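J.: Please model the entire structure based on the sequences and the hints provided.
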Amino acid sequence: MTVHPPTQRTAGFATRQLHSAATTDAGPRPRATPIYLTAGFVHDDFDQAVDHFSTGDGYSYTRVANPTAEAVERTVADLEGGADALLVGSGQAALAVTILGLLSAGDHVVSASSLYEGTRGFFLENAAQLGIQTDFVTDANNPAAWERAIRPTTRALFVESIPNPKNDIVDLAAVASVAREHGIPFIVDNTLATPYLLRPIEHGADIVIHSASKFLAGHGAVLGGVIVDNGRFEASRGFFPQLSAPGRLGSPSIAERTGGLARLAYLRDVAALRFGPTASPINAFLIGQGIETLSLRVQRQSANALGVARWLEQQLEVHSVDYSGLESNPFHALAQRYLPDGQGSVFSFTLRGGAEAARTFVDALEVFTHMTHLGDVRSLILHPSTTSHTQRSDEERSQAGIWPGTLRVSIGIEDLPDLVDDLARGLAAVRAAG
1 MTVHPPTQRT AGFATRQLHS AATTDAGPRP RATPIYLTAG FVHDDFDQAV
51 DHFSTGDGYS YTRVANPTAE AVERTVADLE GGADALLVGS GQAALAVTIL
101 GLLSAGDHVV SASSLYEGTR GFFLENAAQL GIQTDFVTDA NNPAAWERAI
151 RPTTRALFVE SIPNPKNDIV DLAAVASVAR EHGIPFIVDN TLATPYLLRP
201 IEHGADIVIH SASKFLAGHG AVLGGVIVDN GRFEASRGFF PQLSAPGRLG
251 SPSIAERTGG LARLAYLRDV AALRFGPTAS PINAFLIGQG IETLSLRVQR
301 QSANALGVAR WLEQQLEVHS VDYSGLESNP FHALAQRYLP DGQGSVFSFT
351 LRGGAEAART FVDALEVFTH MTHLGDVRSL ILHPSTTSHT QRSDEERSQA
401 GIWPGTLRVS IGIEDLPDLV DDLARGLAAV RAAG
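Residues in the sequence shown are numbered consecutively from 1, following this note's numbering.
The hints are simulated quantities; they were obtained by calculation from the structure and are not laboratory data. Predicted model, so just to flag it, every value in this text is computed and none were measured. Every residue gets a Cβ at the ideal spot worked out from N, C-alpha and C, and that includes glycine. Among the hints, a few may not be true.
Derived Cβ-Cβ restraints for the label pairs, each shown as a range [what the hints assert, rightly or not]:
| # | residue 1 | residue 2 | range |
| --- | --- | --- | --- |
| 1 | E396 | A433 | 24 to 32 Å |
| 2 | G276 | D418 | 42 to 50 Å |
| 3 | D363 | T55 | 34 to 42 Å |
| 4 | A105 | L273 | 17 to 25 Å |
| 5 | R378 | P30 | 27 to 35 Å |
| 6 | D135 | W311 | 51 to 59 Å |
| 7 | T55 | Q242 | 35 to 43 Å |
| 8 | E396 | Q48 | 31 to 39 Å |
| 9 | A355 | R29 | 49 to 57 Å |
| 10 | G106 | L316 | 38 to 46 Å |
| 11 | R148 | A433 | 45 to 53 Å |
| 12 | E125 | P30 | 23 to 31 Å |
| 13 | G40 | W311 | 30 to 38 Å |
T.: This is how it looks when you write it as structure tokens:
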């Protein structure tokens, strides 16, 4: 029996996360996505090879395209409401391919200051080495601040939908309006929200990126990254000459050949192809498997996170809890607007006893796993000041709201009472040591 995927976007999220990867190719097909674990693909004959290299149809080499990766791309593009997607080897690769593929030396990025440290380091060091400058907006929800930061050379605005680790929600529509006024692509890292909770393209984003290693895969086993494009590129402003200029031998430009998909076509056919951050077909398969339960996991993780945050907020040893799902949080109104189905499961809280209290607390935990990762089905904890943010000065950490007693958690799908009991165990250890 032939199984066909839903053909209308009106299908529900959970239905699409299961069926969007399917194709309508003729012939018998397995229910699970096959793993095409091969470096290359055989050409049927001489003319078929010529046709492939002329049109791009079909397959030749996994660095160019692979059916297992394409299944993930179809699914994520559908769930995000995008026109097309590109799977790469990691979340950092998704960021690097997007920025280095679209921007050139002399170009400029404006980014929100509340960011994952790997992204911040990429902008300040790697992109800067190539002549791409970045300015950071501290008040990311103030459109005037974005306006002031824009230069004639600005070619991208960048935010995280749920910033890591402070959970300080960004007003996407406000930033998108500034980007649209200037014709600048608005890029949103949607890793911590996932398309189940938030779809930035619906609020004006042009490009959405993910670290698929996190919630999309969901089990802490593989690495991957995804770039999703809204398919509405316009060449009229001339901001990206590599997209609108004729090919080296006078062939039509990428924009002429692919229209609104020019950005992603260039990232796929030129930037990712030549930089080479290819996703393993096995990793692509496992990411696809993870996506099939995305809504179930994220729903449970968000509910657990709210329960944990509410409990922490009541503890005397806890100075503050940075979770937008709390009514007391300054970003709660934005969270209710953008994240009505849950406010995610990654946030920070700060102990009154500083670094020593944090050390005692972490070492006493038995259910939470102490490691560098996010979006796992297991609950995770990390001390940013001595790990992810160790390269920042004390002043920079304080400006970012990272204090000696701050801890970041990624809440999993365990039973909520067990998580609370574990955190209570940590606080008991802090009291005993005090």
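J.: Look at each hint and say if it fits the structure.
T.: Here is how each hint holds up against the structure:
no. : hint                    : in the structure
1   : E396 x A433: 24 to 32 Å : 29 Å, holds
2   : G276 x D418: 42 to 50 Å : 43 Å, holds
3   : D363 x T55: 34 to 42 Å  : 59 Å, violated
4   : A105 x L273: 17 to 25 Å : 21 Å, holds
5   : R378 x P30: 27 to 35 Å  : 30 Å, holds
6   : D135 x W311: 51 to 59 Å : 39 Å, violated
7   : T55 x Q242: 35 to 43 Å  : 20 Å, violated
8   : E396 x Q48: 31 to 39 Å  : 56 Å, violated
9   : A355 x R29: 49 to 57 Å  : 55 Å, holds
10  : G106 x L316: 38 to 46 Å : 54 Å, violated
11  : R148 x A433: 45 to 53 Å : 47 Å, holds
12  : E125 x P30: 23 to 31 Å  : 45 Å, violated
13  : G40 x W311: 30 to 38 Å  : 54 Å, violated
Checked against the numbered hints above, the structure breaks hints 3, 6, 7, 8, 10, 12, 13 and satisfies the rest.
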